[in-house]
Amino acid sequence: MTRPGVGPSGPDGALTTWSDEALFERVCAGSEAHFNILYARYFRRIYAFIYQRVRNHADAEELVQETFTVVFRGAANFGGRSSPLSWIYGVAKNLVLNHLRRSRVQQERIAQAGREPLVSTSPHWSYGPEDQLALRRCAAALDAQIAGLADWQAEAFFLRHAENLPIHEISRRTERSADAVRSGLYRVKRLLVRAGALEPESESP
Amino acid sequence: MAREIAKEFSTEELKEFLEGDLQPTQADPDFQERLREELWAMVQERYGRQRDDRLD
Chain A
1 MTRPGVGPSG PDGALTTWSD EALFERVCAG SEAHFNILYA RYFRRIYAFI
51 YQRVRNHADA EELVQETFTV VFRGAANFGG RSSPLSWIYG VAKNLVLNHL
101 RRSRVQQERI AQAGREPLVS TSPHWSYGPE DQLALRRCAA ALDAQIAGLA
151 DWQAEAFFLR HAENLPIHEI SRRTERSADA VRSGLYRVKR LLVRAGALEP
201 ESESP
Chain B
1001 MAREIAKEFS TEELKEFLEG DLQPTQADPD FQERLREELW AMVQERYGRQ
1051 RDDRLD
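Residue numbers (this note's numbering), protein chains in the order written: chain A, 1 to 205; chain B, 1001 to 1056.
There's no promise every hint is true.
If you want the footprint, here are the derived chain B segments under chain A, 3+ residues with CB under 8 Å [unchecked claim]: (1) 1014-1027; (2) 1030-1040.
Sample of chain B residues facing chain A (criterion: CB under 7 Å; computed from the structure) [stated by the list, open to error]: (3) Val1043; (4) Tyr1047; (5) Gly1048; (6) Arg1049.
What the simulated footprint calls covered on chain A by chain B, stretch by stretch (three residues with Cβ under 8 Å from a Cβ of chain B suffice, anywhere in the stretch; the number is not a length) [claimed, not checked]: (7) 23-33; (8) 47-53.
Treat the hints as calculated values from the structure; they're not laboratory data.
Computed from a predicted model, the values in this text were never measured in an experiment.
Glycine included, C-beta positions come from ideal geometry on N, C-alpha and C.
Bound conformation, chain B alone (with noise of 0.2 Å):
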């Protein structure tokens, strides 16, 4: 997997993108909430919905 990821992101790509973790949010925390919902329900409307999704 990480010759594949080496082959489609550069060494700086990589960096930069996993470095988002390290800054402070920049969204509108309203903004990422509202999309959770949104993109929860089309998630179920796709796939449906379990009842049992402890993290075990």
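Just chain A, with the same shape it has in the complex (with noise of 0.2 Å):
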């Protein structure tokens, strides 16, 4: 069951000798090697396909992880409805285009919230001159991190550590699988603590 693959050639020569459908049945057997052919042979395409369209490297990791967790759940029962190649094509396009049409609705929302005034609901704090300046290179540190984030990323991270809102109401509420949330959250941590807000223990999800 073997022919001419499409993937990438390498210095692996299982790379190119191995159709999708075949490494498919053997991965859907438990196959460690095979699930690692298939995964090397097409996170650069998915990855490259998805960027190309989003622009932004917190939303193409998200999309890249729905893609494959959706390929790799439905591997057993897509069984020769269509060709690996298509169908894997097909769910990060379907993935992405929701994902821009998202976008698009919170992008909307953001700018009417932007028209309403804001007040100030934060106590009373009194800082010396030493305090302000170290908030200010914070602060500084912060926003040169957070300009990677998605929107929803913020949003998920300001539900679970100021709402403290669990997992399944994020992602009820940012229309994001847990998955996607557990990696989002960890991602933010992740710049946190790149950024020196966060101690480098605390960064796991």
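Put the two chains together into one complex; each comes in its own frame, and the hints tell you how they fit.
If you want it as structure tokens, here you go:
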């Protein structure tokens, strides 16, 4: 059950000699070696395809994760309905289109919120000059890191750590899978650690 | 199969998708490895794991 593959050539000859169909069969039989070949064959294609459209690594990572999750969850059931190549492409394309649609709605909501007056609910704090300098530095470092985040990830972090909501509720509110929420929270924490706002030991999701 | 792929892809789309192989990796290698581990854990949970998975 082999034919010349359509995957990238590489030092490992197996990358080019196993068909996608044969690899899926072996993955469903529990073979890690064949799983690794499939993953390596499609990771770069999917990432490049998605990144080209969303132009944001945070969103691209989330969508790549969702694509592979759908693909490997459904691996046993797709059973020749279509070629793996067109199936995987279709999954990635649909997820990207849904994402872009959601982003447009979210941007409209943000624009709407921006037109409303902002009323501070914070208690009054008094800082000395050194505190203010440290805060400004911290804020600048945070701004630099947060620029790489998707809006929904910042929202998920707020819901988790300011409102103490469980993952399933954040998943519902942000319309993302629980896996995507966990991955997003992990990414935010990683960025906060890099900005010096969190201790490295608290980085795990 | 070629006909079936052609039905679902335009030539440009297929070309672009496959050309991802030729582009330098844009992804964070830590992300790539972490996702591989998570997916493999999911696959094992779903389908089990075979003892002998040599590439024969």
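Hint-by-hint comparison with the structure:
no. : hint      : in the structure
1   : 1014-1027 : holds (count 11)
2   : 1030-1040 : holds (count 7)
3   : Val1043   : holds, 5 Å
4   : Tyr1047   : holds, 5 Å
5   : Gly1048   : holds, 5 Å
6   : Arg1049   : holds, 4 Å
7   : 23-33     : holds (count 8)
8   : 47-53     : holds (count 5)
Going down the numbered hints, you'll see the structure goes against none, and every one checks out.
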